[in-house]
Amino acid sequence: MYLFIEIENFRLFAALRASRRKLRGPVVLVDAEGRVAELNSAAQGKQILPGMTMARALSRCGGVEVVHANPRAESAAVRILWNAAWQITPQIELGSGGSLGSATLELVRPDFERLSGQAALLIRRLRRCGLPARAGAASTPDWALLAATAAERFQFKLVPSGARMRELLAYLPLQTLHGLSASACRILEGWGIRSLAAMAELPRQSLGERLGPAGLEAWDLLNGRRHRVLRFEELKPDFRESFDPEEPLQGLEALGFLIHRAAEALQLQLEQAGKVASSVHLDLWIERGEPYHKSIRLPEATNQAALLERLLRNHLEQVRLTGAVSKFQLAVDPVNPLSRQAGLFERSVRNPWRLQETLDQLAGLVGTECFGSPRVLQTHRPDAHELEPLSAELESTGLSQSVELGGPPRMGPPLRRFRPPLRARVLLEKKRPAHIECALVSGPVRHFNGPYSLNGDWAEAEAWSLCEWDVEIEGAGVYCLSRDAERWQIVGAYD
Amino acid sequence: MVPLPILIGSMAGKGADDTFRTFREAADRVGLCPATALLDPAEHQQGAAAEGDRAAAAGRIPQNAFDLSGESWRLPKRQLLECVCAGASVGGQSLLECLLRAKWESGVFSAVIDAAHALDPASLGSDLSERLLWVQVKGVQQLVRALDLLLRDDNFALVAADLRGLPAREIHAIQPFSWYRLQRLAHQRAGGCVIFSDLPSVRCADHRVLLSQPRSLDDLDRRRIDLLDDLEGSVRLHNRGQVLAV
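Note that the protein sequences, when read in sequence, are chains A and B.
Taken in order, the first sequence gives residues 10 to 504; the numbers are from the working numbering.
Taken in order, the second sequence gives residues 3 to 248; the numbers are from the working numbering.
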C-alpha cells in the first residue's frame with residue numbers, strides 16, 4: 010500500500026507561507042527567469058498559461074498578483090512535508106522537478122481505519138503550516154497518485170482494491186494522467202475514449218502501436234502493472250525556521266503570524282527528531298535599525314507549538330521595536346525528553362508554562378524590577394535585600410510537607426517596614442525616647458529596648474551608622490525607631 | 003507542622019468596643035455602611051446568639067468555617083478572606099506569615115501583592131522567601147490587575163494582597179464588581195486569597211478577620227509561634243454580604 014501526498018501549486022504556497030494575505034484573485038509565481046511557473050485557478054481563468062513571461066501575463070490580466078519564487082522557502086516547505094509524512098512512516102520518497110511538493114510513502118501492512126485518521130491529521134498539520142495538501146492511498150504508487158488527484162483539496166481518498174480503482178478511473182478524464190500529452194489525448198478522444206477506465210480497457214499492444222512507449226507506460230500504470238522502487242530520502246534535522254517576507258512587517262499581529270508558522274514547523278521537526286526544545290531564540294532584522302535577538306529558556310522543555318507561540322507573543326507584547334521587520338528567524342535548542350516519573354506524593358510546579366505566562370504578564374504590568382523572590386543580602390545593614398526572578402525549578406517537596414522553620418526559633422513578631430520611613434519628632438528624657446509624634450502614630454513611649462548601634466561599610470564611600478530603638482507606644486503597638494545622624498524615623502512596626 | 007494561631011473574637015473587652023467605635027466612625031465617613039454594620043459590638047453578641055453557635059459566642063471560631071486551632075485548622079481555601087488591621091502593630095503581618103507557612107495542598111508558591119512595599123524579607127526567613135513572589139504595585143489599578151492575574155494561576159497556593167497604607171478614597175475607587183470578579187476567581191481556585199486592609203473594603207469577602215489588639219514590647223522576647231497562638235481578633239462570617247455568625 011502506498012500513500013501519495015500532493016501539494017498543488019507547491020512553489021506558490023511555499024513562497025506565500027510568510028504572507029497573511031488571503032489571495033482570492035489571480036496569482037502567479039514567477040521564477041528566476043521571469044516566466045510564470047505556477048498559477049492558481051483564477052489566473053488560469055484569465056488565459057494566463059505556465060511559461061509565459063511576466064509582461065505577457067500582466068498584459069492579459071493587469072490585476073494579477075505576482076509572487077517571486079523563493080528557493081529557500083521551497084526547501085523549508087519540503088522539509089515540513091517530509092517531517093509531517095514521517096509521522097506515518099519513515100519510508101518517504103520526495104518528489105522533485107515537476108513533482109516538487111509531493112511525497113510517496115510506502116506503508117507496510119497498513120491499518121485502513123487508522124490510516125484515514127493519520128492522513129487527515131497530516132493534512133491538517135500541513136494546512137496549519139500554510140501548505141494545502143491532498144492525499145490518496147492505493148496498492149501501487151501510480152494508483153495512489155491518481156487517488157490523490159481525485160481527492161479534493163484537504164481531503165484523503167483511500168482506494169483499497171483494484172475493483173474500486175477501476176470504478177474511480179471511470180470518473181477521471183484523460184487529462185488527469187501525468188505523462189499523457191495533449192496530442193495523445195486528442196487521438197484517444199477521437200476514438201471515443203473519454204475516461205481513464207476506458208483507456209485501461211484498450212488492448213495494450215494496439216495502444217503501444219498508436220501512441221508509442223508513452224501509451225504502453227500509461228496502460229501499465231492504469232492497470233497496476235508498473236512497479237517501481239521508491240527512493241527513500243533522509244533529511245537532516247534543522248531546528249531553525251526563517252522567513253524573508255516580501256514586504257517588511259509592522260505590528261505584533263504580523264509577527265504573531267510568522268511565529269505561528271515557525272512554531273508549527275518546529276513542532277513537526279522536533280517530533281520527527283524525537284526531541285523537545287529547552288530554549289528558543291528569536292532573531293528579528295529591523296529596517297534601518299539594530300537587529301533584535303532574544304533567547305528564552307523555556308520553563309519546561311516542550312515541543313508544543315502553542316506553548317512556544319504564547320510565550321513569544323507575551324514577550325513581544327513588552328518589546329517596542331524601532332522599525333519594520335525585514336527578516337525573521339526562530340530557532341530552538343533540542344534536547345532529549347526527560348524520562349522521569351513524578352512521585353505520587355510529590356509536589357512541584359504544577360504548570361510551569363502557566364507560571365511563565367503569569368510572570369510575563371506581571372512584567373508587562375509592573376515591570377520586571379518590581380516583582381520577584383526576595384533575597385536578603387549578606388550585610389548587617391537593615392533592609393538590605395534584592396529581588397530575584399522566581400525560579401520554576403524548585404526542588405519538589407512532599408505533599409504533606411509544609412514550609413518549616415529551620416534553626417533556632419524565631420523570636421518576636423515580624424517587622425512591617427514603612428518605605429520610605431516615617432519622619433518622627435521624638436522627645437527625649439535622659440537621652441531616651443519618651444514621646445513620639447509622627448504622621449501615623451503619636452503618643453508616650455511606654456517601654457523601650459535599645460539603643461542598638463549599627464554601622465558598616467566604614468571603609469567604603471557609603472559608610473553608614475545608625476541607632477535603633479524598639480519602642481512600645483501606648484495603645485498603638487511596638488515600632489522600630491531609628492536615628493540616622495540628626496534625623497529620627499520610624500522604620501517599621503512589629504506586626 | 004507549625005502550630006497555627008487561634009484567631010479569637012474576644013471583642014467583649016473595653017479596648018475592643020473603642021476599636022469598633024473608631025472603625026464605625028471612620029467607615030461611616032467613607033460611606034461603608036454594610037461593612038461597618040458588621041463591626042458593631044451589639045450585633046456581635048446578638049448575631050452569635052441568633053446563630054446559636056456557641057463557639058462563636060464564646061469567641062471561638064466555628065469548626066466548619068474558620069478554625070485555626072492546631073490540626074483542625076482549615077485554611078481559607080476557595081474563598082476570599084479579608085483581614086482588617088485596626089492599627090499598624092496588631093498582628094496582620096504575623097497572620098500573613100502564618101498563612102504563608104501553612105500547608106496548602108495546591109501550588110508551591112505564594113504571592114504577596116504589596117501596595118505599600120512594606121514586606122520585610124529579613125523577618126520572613128530565607129526558607130519562605132524562596133517560594134514567595136513579592137509583587138510591588140503602584141496604586142489600586144495595578145493591584146487589582148495583579149491580583150486578577152495571580153488568582154488565575156494555580157501554581158500559587160496563597161495569593162495575598164496588602165492594601166494597608168493606601169488612601170481610603172483610592173481603595174473605594176475599586177468598583178464592587180471588580181471585587182466580585184476576584185471573589186469568583188478565588189472560589190474557582192484550590193488555594194486561598196487574603197486581602198489585608200486598614201478598613202473593611204471588600205464587601206463580598208467570604209470571611210472577615212478583625213485584628214485590633216496592639217503588640218506589646220514583651221512580645222519581642224517571645225517565640226513567634228507562641229505569638230501566633232495569642233493573636234486576637236474577630237472573625238465574621240459572610241455569605242453574599244449577610245452575616246452568618248460573628
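These aren't lab readings, by the way, just hints derived from the structure by calculation.
On a predicted model such as this, the values are computed, not experimentally measured, just so you know.
Check each hint, because a few of them may be wrong.
Rough simulated footprint, nothing fancy, chain A against chain B, three-plus residues with beta-carbon under 8 Å [as the list claims (entries may be wrong)]:
no.	region
1	81 to 93
2	133 to 140
3	178 to 186
So these bits of chain B aren't anywhere near chain A, every CB distance computed over 12 Å [said to hold, decoys possible]:
no.	residue
4	R154
5	A170
6	E172
7	H174
8	A175
9	Q190
10	R205
Idealized CB from N, CA, C, for every residue including glycine.
Each hint tested on the structure:
1. 81 to 93: With 6 residues in contact (Cβ-Cβ under 8 Å with chain A), the coverage given for the region 81 to 93 of chain B holds.
2. 133 to 140: Coverage by chain A holds for the region 133 to 140 of chain B (8 residues, Cβ < 8 Å).
3. 178 to 186: violated (count 0)
4. R154: 7 Å, violated
5. A170: Given a closest Cβ separation of 15 Å, the condition holds.
6. E172: The claim holds: E172/B sits with its nearest Cβ about 17 Å from chain A, beyond 12 Å.
7. H174: It holds; H174/B is separated from chain A by about 20 Å at its closest Cβ, greater than 12 Å.
8. A175: A175/B clear of chain A: closest Cβ-Cβ about 18 Å, beyond 12 Å.
9. Q190: 14 Å, holds
10. R205: R205/B is indeed farther than 12 Å from all Cβ atoms of chain A, at 25 Å.
Violated hints for the displayed structure, listed by number in ascending order: 3, 4.
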